[in-house]
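Engineer: In case you want the letters, here they are:
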Amino acid sequence: MEEKYALFTGCFIPTELPHLEKASVETLKSMEIKPRYLEFSCCPNPRVRSVDENSWLNIAGRNLAIAEREGLDIITLCSDCYGTLKMAEYMLKNESKRDGVNERLKEIDLVYDGKIEINHIMDFIFRNREKIAEKIRFPINLSLAVHDGCRIQRPSEVVEYKPNDMDDLLRLIGCEIIPYHFRDLCCGSPAATVNQAISDEIAKLKLNEINEIQADGICTGCPLCFMQYDRIQGGNVPIFYYPELLAIAMGVHPKEIGIQYHKTNAEEAIEKCLRS
Amino acid sequence: MNDGIERECIQCGRCGGVCPIGRVRSEISPRKTLFRIVQDRGKRLDRDREELWMCVTCYACDEICPQGVKLVNLMFNVRNHLSMEKMPDSIKEMIKTIKEEGTVIPCTMESKRLRKDLGLEELRKPDIQKILKISNF
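Chains as they are written, first to last, in numbering that gives the first Met the number 0: chain A, 0 to 275; chain B, 0 to 136.
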C-alpha cells in the first residue's frame with residue numbers, strides 16, 4: 000500500500016456524507032493507496048474568500064504547507080476544496096504573494112514552497128484509468144446524465160479536470176452517457192447563501208430535463224452538487240458520486256459503501272444493473 | 000475595485016447568457032450588477048447586497064468573456080469591501096463556525112456514529128489557535 004497521499008476530505012463529506020468518503024477510501028484501496036489524514040481545516044470555502052481574501056489565502060496556504068511538511072500530495076474529495084486549493088496554488092506561484100503568506104505561516108512554524116501536487120479524486124482516477132480498467136469486475140449497466148459541476152472544471156487555466164473526463168470514466172465502468180442541454184448548468188447550491196428559492200429553481204431546471212430524457216441517474220464528482228440533487232424536494236432521479244460507482248464496479252458491496260444512506264433511492268438502480 | 004470592467008467590457012451580454020442565476024432571474028447578470036457597483040464607486044453596496052451575494056462564483060462568465068474581463072475576481076473584490084455586519088447571516092454563521100471548529104460543519108454525534116459504522120477514521124479537530132493566528136477574522 001502506497002502512503003504518499005494526504006486525503007483532503009473537506010467539511011461536508013466527513014460530517015454530512017461519510018458514505019462518499021467510504022466509497023473514495025475503498026476506491027483508493029483498490030488502487031493500492033492508503034491515504035493519510037492530516038490536521039487540515041476548512042479549505043476554506045470559496046465564500047470565505049468573499050469575506051477576506053487574505054485570510055482565505057493564508058488558511059489555504061496552511062493546509063498546503065501541512066501536506067508539504069509531510070511530503071504528501073493531496074487528494075481532495077470535494078470540488079469546493081479542489082477549487083480553493085488549486086486557486087491558492089495558482090495565486091501562490093506569484094513570489095510576492097507567496098512571501099506574504101509565508102510571513103504569516105512562519106508564525107505557526109510552517110512554510111509553503113509549492114512542491115506538492117493537488118489532485119481531485121476524479122483527476123487521480125482519470126490519470127490511473129488504464130490500471131483501473133483491469134480491475135473492473137462488475138460493469139455498471141446504467142444510462143446516466145453527467146453533472147461535472149462548476150468548481151472542478153473552472154477556471155480552466157487553474158484546474159486539471161476537463162469536462163469530457165467523466166464521460167471516459169463512466170464508459171470505462173460500462174455506463175452509457177445520455178447527452179442533455181443543461182449539462183453545464185450549476186447545481187445552484189451556493190445561491191442558497193442568500194436565496195433558497197433561487198437555489199432550488201436552478202436545481203429543478205436540470206432535474207426536470209433529466210426526468211424527460213429518462214436517464215437512470217446523474218453522476219457527479221462533487222459532494223455539494225450530490226447533496227443538492229439528492230435532497231431536493233420531490234427529486235426522484237438517483238444521484239451517484241463517481242467513486243461510488245467505481246468502487247461497486249471493482250467489487251465492493253454497495254451496502255459497504257452506504258448506498259442505503261442516499262436520500263433519493265439509489266439502491267434499486269444499482270441492484271437492477273448488478274442483476275442484469 | 001475595477002479590474003478593467005469599465006475599460007474592457009463591450010456590453011455583449013454573453014456573461015448574462017451563461018449565468019446560472021440569470022437562467023431563473025433574467026433581469027440579473029454579472030455585467031449589470033458589477034457595472035452598477037463600479038460606476039457609483041460602491042456607494043450603494045447595501046442596495047446591491049443580495050444580488051451581489053447571489054453570484055455562485057462558478058466562473059462561467061469569466062470563461063465566456065471575449066474581452067477576458069475577470070468578473071469573478073471583481074465579485075470577490077467588491078464583497079471584500081463589505082463590512083462584517085453587512086454580510087449575509089449565513090456567511091456570518093459560517094465564519095463563526097470556522098473560528099470555533101476550524102471547519103464549516105461541526106461533527107455531530109450522529110455523524111460520529113455513522114463514521115464508526117462505516118469503519119472510517121475518527122476526525123481530528125485542527126488547532127484553532129493557529130488558524131486564528133493567521134486570519135484576520
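Check the hints yourself; a few may be wrong.
To be verified - Mimicking SDA-like on lysine to any residue, the simulated pairs with C-alpha atoms at most 20 Å apart in a straight line are: (1) Lys134(A) with Met249(A); (2) Lys31(B) with Lys134(A); (3) Lys85(B) with Gly118(B); (4) Lys105(A) with Lys31(B); (5) Lys203(A) with Phe181(A); (6) Lys98(B) with Lys130(A).
Hint data in this document are derived by calculation from the structure and do not stem from the laboratory.
Engineer: Are the hints correct? Go through all of them and say.
Structural biologist: Taking the hints in turn, this is what the structure says about them:
1. Lys134(A) with Met249(A): 6 Å, holds
2. Lys31(B) with Lys134(A): 51 Å, violated
3. Lys85(B) with Gly118(B): Distance ~43 Å between Lys85(B) and Gly118(B) Cα, so the pair is violated.
4. Lys105(A) with Lys31(B): It is violated: about 42 Å lies between the C-alpha atoms, which goes past 20 Å.
5. Lys203(A) with Phe181(A): 11 Å, holds
6. Lys98(B) with Lys130(A): Cα-Cα ~42 Å, so violated.
Against the hints set out earlier in the document, violations occur for numbers 2, 3, 4, 6.
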